[in-house]
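Got chain A sorted already, so can you dock chain B onto it with the hints?
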Amino acid sequence: MFSQKDILATQDMIDKRHLDIRTITMGISLLDCCDTDLDRCCEKIYKKITTYAKDLVKVGCEIEKEFGIPIVNKRISVTPIALVAGSCEADSYVKIAQTLDRAAETCGVNFIGGFSALVQKGATRGDMTLIRSIPEAMATTNKVCASVNVGSTKAGINMDAVAEMGRIIKKTAEITADNDGLGCAKLVVFANAVEDNPFMAGAFHGVGEPECVLNVGVSGPGVVYHALKSVKGQPFDVVAETIKKTAFRITRMGQLVGQEASRRLGVPFGIVDLSLAPTPAVGDSVARILEEMGLEVCGTHGTTAALAMLNDAVKKGGVMASNHVGGLSGAFIPVSEDEGMIAAAESGTLALDKLEAMTCVCSVGLDMIAVPGDTSAATISAIIADEAAIGMVNSKTTAVRIIPAPGKVVGDRVEMGGLLGSAPVMPVHGESSADFIARGGRIPAPIQSLKN
Amino acid sequence: MKAVVTVVGKDQVGIIAAVCVKLAEYQVNVLDISQTVMQGYFTMMMVVDVTGCTVPLAELVSLMDEMGKDMGLSIRVQREDIFEAMHRI
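Chains as they are written, first to last, in my numbering: chain A, 2 to 453; chain B, -16 to 72.
Quick caveat, the hints were computed from the structure, so don't treat them as lab data.
Bear in mind that the values here come from a model prediction, so they are computed numbers and not experimental data.
Careful: at least some of the hints might be erroneous.
What the hints assert, rightly or not - Mimicking BS3-like on lysine-lysine, the simulated pairs with C-alpha atoms at most 30 Å apart in a straight line are:
# : chain 1 : residue 1 : chain 2 : residue 2
1 : A       : LYS6      : A       : LYS233
2 : A       : LYS55     : A       : LYS96
3 : A       : LYS59     : B       : LYS52
4 : A       : LYS246    : B       : LYS(-15)
Stated by the list, open to error - Counterexamples of contact, computed for chain A against chain B with all Cβ distances above 10 Å:
# : residue
5 : THR11
6 : ASP33
7 : GLY207
8 : PRO373
9 : PRO445
Cβ coordinates follow ideal geometry from the N, Cα and C atoms, glycine included.
Excised from the complex, chain A in its bound form (with noise of 0.2 Å):
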């Protein structure tokens, strides 16, 4: 029988220590729906994402009852919209956007990804319709999210993509102002997109998965946070030892739901997740773990470092637990979600040239940010270009969430609301990158990416 203690352990990490599955992604591919006929190409998108994810919900959910384990989202991630899409006869893909938000309502998912475009070396006919539908889609929709892949560690980053993206954010920010720019919230521009990622707003099926399959992300940033409070002033060593133990422990749940869900789905298990995804719930930070480790405030000289211990060592105890790991597997830190670096932005210390040295060791990038209003779009573009440049030569992903929030400027806050918490206003350079924007062309991939 297990102990008293081990029992009562994990009651108390998923009672006091926000520990959760934080999604469970089905990835469904809707290649099959491609139709010369918008129309006809919608229809075939709800039928077959409402057949597939029929059950998603009701089985989370009767997991979730019997393991006594909160799941907390159920999603949808489909094939990137402007490959399904390429072949319609269409100027608008808003249409798809809408189809796929009824199908996430009728399936009673929170979230649904894939309203993508993978543009990094160049874009299609099919690709350039996506983008310019993508405010509309945003303002029209409520679960549907975007996201666009502009560069890659093999193809370089496509700098014309990357001053389209700038101004796609701005138009998409304005036309959801009644919202504070909510609209931004669902659309992330990537390099090194992946394609099994469960987490939102990246989640996408790639064209090389399976029809259908089931992904799993994990949560804990609570539970390794007390877990490093009872090793206070040791050395990395154990503080190194602690997380990885912690971490091995929530994989090992991830794995055990998703194999459970998979099962009753009778859809393969695709991967775990290894992530520490904070919500803005206290006590559920990754700024505070960063913090436990001695830092006064995260942001300060020495959170890089903190952030690439926990990185590394997160992945090393989940590793083990799990037999197919991948998504973006690493910690997450969004501003807006995450109490203590809401904390941290407010009082200053926390800057976005620090959120972007940071980025360059952690998943995914400078996420969930609002900025100031009167952002350029070329601004806007050159934040992107600099986070593509980091996991082009780095080989890793990274991503970028911002939402210049209208009429907002430093020292507001932007109210998201849910799990999407809220953002103060950080300050940008003002300083112009107009001309290096407006260059355009492709950035070459570099040296490390010959390695054949």
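Structure of chain B alone, referenced to chain A:
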């Protein structure tokens, strides 16, 4: 299939009896019990076999939870696998 039943709360007469009677009602077999009272707080852990349970496990979870609330206790039923996964390699 095995499950772990955890009962925590202020000690009172008849906790074990009530829990066992309820479990028996649904054909749940008790395999192991460990129980302590610390500073007036009752903590009990049971490993039970739910293979023959007459209601779906999710329903048993709710029924035991309700019963716990009536008695001022926390009663949880969780599949054993979760503890197995977290604490055994």
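Each hint tested on the structure:
1. A:LYS6 / A:LYS233: holds (22 Å)
2. A:LYS55 / A:LYS96: Measuring from Cα to Cα gives roughly 22 Å; hence the hint holds.
3. A:LYS59 / B:LYS52: holds (25 Å)
4. A:LYS246 / B:LYS(-15): Distance ~26 Å between LYS246 of chain A and LYS(-15) of chain B Cα, so the pair holds.
5. THR11: violated (6 Å)
6. ASP33: Nearest chain B Cβ is 35 Å from ASP33 of chain A, so the label holds.
7. GLY207: holds (28 Å)
8. PRO373: Given that every Cβ of chain B is farther than 10 Å from that of PRO373 of chain A, nearest at about 45 Å, it holds.
9. PRO445: Consistent with the label, PRO445 of chain A stays out of reach of chain B, its closest Cβ about 46 Å off (over 10 Å).
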